[in-house]
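Enquirer: Residues per chain, in single letters:
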Amino acid sequence: MKTPIYMDYHATTPVDPRVLDAMLPYFTGKFGNAASRNHGYGWEAEKAVDNARKQIADLIGANSKEIIFTSGATESNNLAIKGVAEMYAERGNHIITSAIEHKAVLDTCKRLEKQGFRVTYLPVQKDGRIDLQMLEEAITDKTILITIMYANNEIGVLQPVAEIGKLAHARKILFHSDAVQAVGKVPVNVATDGIDLLSMSAHKIYGPKGVGALYVRRKGPRVQIVAQMDGGGHERGMRSGTLNVPGIVGLGKACEVANADMPEESRRLSFLRDKLKDGILRELDEVYINGSLEHRLPHNLNISFAYVEGESLLMGIDDIAVSSGSACTSATLEPSYVLKALGVGEDLAHTSIRFGLGRFNTEEESDYVLRRVVEVVRRLRDLSPLYDMAKEGIDLSKISWAAH
Amino acid sequence: MAYSDKVLDHYNNPRNVGTLDKNNPNVGTGMVGAPECGDVMRLQIKVNEDTQIIEDAKFKTFGCGSAIASSSLATEWLKGKTVDQALELKNTEIVNELSLPPVKIHCSVLAEDAIHAAIHDYKAKQVSREAPAETEPARA
Chain B
1 MKTPIYMDYH
11 ATTPVDPRVL
21 DAMLPYFTGK
31 FGNAASRNHG
41 YGWEAEKAVD
51 NARKQIADLI
61 GANSKEIIFT
71 SGATESNNLA
81 IKGVAEMYAE
91 RGNHIITSAI
101 EHKAVLDTCK
111 RLEKQGFRVT
121 YLPVQKDGRI
131 DLQMLEEAIT
141 DKTILITIMY
151 ANNEIGVLQP
161 VAEIGKLAHA
171 RKILFHSDAV
181 QAVGKVPVNV
191 ATDGIDLLSM
201 SAHKIYGPKG
211 VGALYVRRKG
221 PRVQIVAQMD
231 GGGHERGMRS
241 GTLNVPGIVG
251 LGKACEVANA
261 DMPEESRRLS
271 FLRDKLKDGI
281 LRELDEVYIN
291 GSLEHRLPHN
301 LNISFAYVEG
311 ESLLMGIDDI
321 AVSSGSACTS
331 ATLEPSYVLK
341 ALGVGEDLAH
351 TSIRFGLGRF
361 NTEEESDYVL
371 RRVVEVVRRL
381 RDLSPLYDMA
391 KEGIDLSKIS
401 WAAH
Chain E
405 MAYSDKVLDH
415 YNNPRNVGTL
425 DKNNPNVGTG
435 MVGAPECGDV
445 MRLQIKVNED
455 TQIIEDAKFK
465 TFGCGSAIAS
475 SSLATEWLKG
485 KTVDQALELK
495 NTEIVNELSL
505 PPVKIHCSVL
515 AEDAIHAAIH
525 DYKAKQVSRE
535 APAETEPARA
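One line per chain: the protein sequences are B and E, in this order.
Each step along the first sequence adds one to the number in the numbering used here, with nothing skipped, and position 63 is 63.
Each step along the second sequence adds one to the number in the numbering used here, with nothing skipped, and position 86 is 490.
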């Protein structure tokens, strides 16, 4: 077994060798511009792009023509939300989203607010899921778009997407879902889920960085968006710019592989995840799982280790790559807003660790991670005045701390 | 984030971890920080009342590696100093010794606060030796 062990697959994934092999010819020999209509180089590139469109569409139950290529999910989210807002501004100015969306959605909504749109940020319940009743009550006759993520990047919690889709369509509101963490990991189907626009990214599913896609529904309803970048009118006028053919080929191949391997892979990863979870719960007291276990990605585990600050834990398990909701690891010095939205106290948010398992993790690795985490948590608890006090029976919430 | 070798050394081999009897009149306890801020330090000193020299110092810290290192270093420096000398210790000396980056300076400030809180507690106990405090203070 080699260290460091990578267990941060929500952040990014390595390119699968099968994906890389598919991409390589398109860097050199098959370098044509997919928009060149008058020679073989162009036709060859266009054919590869069309094939990728099909592979992507097949994974999410869409039609090839509904796939728009972008530079990644941040661009897809921006294009979907701003594009819809601009196109349908005359119909209404209200957008509904959730408090735990990725910044690419939240900050896009905030910008639209400055431009006169009204945005409702739905809270989530303790399990990390939105309350459908609240969503229904938030809808007004001015609502043009509901944008709710498929699965959360920190806690892996799946939203009731199909129910949201139903609700949206009943009220003739468009439904966009940031499905970056879900596509290729759990079955996603834009038809049965009632999704009108869907964002995805290659590098989360063992494809290359710098390429993503936006699904835009063509029928029932036909969704129109205003392009956010001017240029040559590529991608049916929705996204100008010469197509990143090798990247697109990689995204397509990644989708094909994910589609074929999903049942087996999700079974294997949920087994490893549960073994890790059960081991931690068995070996350590006062650990808390953040978010629903039932409605969750098979490869995600987010745990708070009370009385042990997250960054110090990461420092102790320095041969394992995971991430923390601790403020100390973020640029803002604020602990995770996602955990905060779940009602996790800031004290526990500081102690959270996100494990994201993936295709190349082995059982030996996850067993090693378990041993190391348990060992370091115990060592740091021996060093923690809070653990001491809790063991003495002191209620930490009753102490008037001098916040600084 | 890259840590300096000294931070790593204190994190991996923290000096003077432990607890002194907080009811001992010669022991001063300082507890600073807050769990929701992500760091809490408890620093204790044991003072020889005749010489005013700090004979022992212990700490426990909930916080990032730099917070652990700052408090570990503080206990190392406190031992053998008089109470008055200890009051002279500045957080900038900790910053320099551990090569703390700007985002971690608050860890050194916290350590300085903990030293002051411990000395304050010790002095308060000396003044009211007849009636020792029975509650654990959490001071900044």
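Keep in mind the hints are simulated off the structure, nothing from the lab.
Note that CB positions come from ideal geometry on N, CA and C, so glycine has one too.
Among the hints, erroneous ones may be present.
Claimed, not checked - Stretch by stretch, here's where chain B covers chain E in the computed footprint (C-beta under 8 Å, at least three residues): (1) 433 to 439; (2) 449 to 462; (3) 478 to 486; (4) 494 to 502.
As the list claims (entries may be wrong) - Listed next, with one range per pair, are the computed distances between beta-carbon atoms: (5) E:Asn427 with B:Glu286: 19 to 29 Å; (6) E:Glu459 with B:Arg378: 28 to 38 Å; (7) E:Glu453 with B:Asp318: 42 to 52 Å; (8) E:Asn427 with B:Ser397: 23 to 33 Å; (9) E:Pro505 with B:Gln224: 41 to 51 Å; (10) E:Arg533 with B:Met1: 29 to 39 Å; (11) E:Pro505 with B:Arg218: 45 to 55 Å; (12) E:Pro505 with B:Gly42: 48 to 58 Å; (13) E:Pro505 with B:Ile289: 49 to 59 Å; (14) E:Val507 with B:Lys126: 28 to 38 Å; (15) E:Val507 with B:Thr140: 42 to 52 Å.
Enquirer: If a hint holds in the structure, say so; if it does not, say that too.
Expert: These are the hints, each one checked on the structure:
no., hint, result
1, 433 to 439, "holds (count 5)"
2, 449 to 462, "violated (count 0)"
3, 478 to 486, "violated (count 0)"
4, 494 to 502, "violated (count 0)"
5, E:Asn427 with B:Glu286: 19 to 29 Å, "holds, 27 Å"
6, E:Glu459 with B:Arg378: 28 to 38 Å, "holds, 30 Å"
7, E:Glu453 with B:Asp318: 42 to 52 Å, "holds, 44 Å"
8, E:Asn427 with B:Ser397: 23 to 33 Å, "holds, 24 Å"
9, E:Pro505 with B:Gln224: 41 to 51 Å, "holds, 49 Å"
10, E:Arg533 with B:Met1: 29 to 39 Å, "violated, 60 Å"
11, E:Pro505 with B:Arg218: 45 to 55 Å, "holds, 52 Å"
12, E:Pro505 with B:Gly42: 48 to 58 Å, "holds, 51 Å"
13, E:Pro505 with B:Ile289: 49 to 59 Å, "violated, 33 Å"
14, E:Val507 with B:Lys126: 28 to 38 Å, "holds, 32 Å"
15, E:Val507 with B:Thr140: 42 to 52 Å, "holds, 43 Å"
Against the hints set out earlier in the document, violations occur for numbers 2, 3, 4, 10 and 13.
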